[in-house]
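Undergrad: Sequence:
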Amino acid sequence: MSENSMNHIHLTNDTIIGNQVWKGNEDLVNIAMIGLAKEISPKEEKHELHRLLGALLSETLNEEEKLDILKNEYHIPMEKSIKEDVKVMCNLSEGIEERGIIKGRTELLKQQVRKKLAKGQCVEVIAEDLVEEVEVIQTIVDEIQTKE
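Under our numbering, the first residue of the sequence shown carries the number 1, and numbering increases by one thereafter.
Derived from the structure by calculation, the hints contain no laboratory data.
Check before you lean on any hint, since a few could be wrong.
To be verified - Calculated pairs, SDA-like style, for lysine to any residue (alpha carbon to alpha carbon, straight line, at most 25 Å):
| hint | residue 1 | residue 2 |
| --- | --- | --- |
| 1 | 23 | 10 |
| 2 | 38 | 53 |
| 3 | 147 | 111 |
What the hints assert, rightly or not - Just the calculated beta-carbon pair ranges, DEER-fashion:
| hint | residue 1 | residue 2 | range |
| --- | --- | --- | --- |
| 4 | 94 | 29 | 30 to 38 Å |
| 5 | 42 | 138 | 28 to 36 Å |
| 6 | 129 | 44 | 34 to 42 Å |
All figures in this text were calculated on a predicted structure; none of them were measured in a lab.
Note that the Cβ used here is the ideal one computed from N, Cα and C, for glycine as well.
Whole structure, please, built from the sequences with the hints as guidance.
TA: Shown next as structure tokens:
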């Protein structure tokens, strides 16, 4: 987001007809929406939550920088479990990025196979041109033909 934001969304009871008193809690739906800017918030009291979440979820800060902010700004004791959790969070974003790269490469390979099939090339020639195993190309061809 271009800036930090926070909204509270909740239901209200607007009586239209009658005076029915409903049993139970009518205010069951409460949503807090928190938007984080790309840049980590300044160290100010009104931005405290945004700074904490921004640091934890940052793609640019490394593990040590995140731990430093937790320890020095929020006085969170650096127990082994906290350090491990931050490390997992850092590795999680790398895993997501890696899966995205694999997915992108797979989609590109499928597009290339489709184009070569449309030109009448056989699986073996496509595999050789794309420097892939014949089995991989055959699986993609089977998938393409199943969808058509």
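Undergrad: Determine for every hint whether it applies to the structure shown.
TA: Right, here's what the structure says about each hint:
no.	hint	result
1	23 to 10	holds, 18 Å
2	38 to 53	holds, 11 Å
3	147 to 111	holds, 14 Å
4	94 to 29: 30 to 38 Å	holds, 36 Å
5	42 to 138: 28 to 36 Å	violated, 56 Å
6	129 to 44: 34 to 42 Å	violated, 58 Å
Checked against the numbered hints given earlier, the structure breaks hints 5 and 6 and satisfies all the rest.
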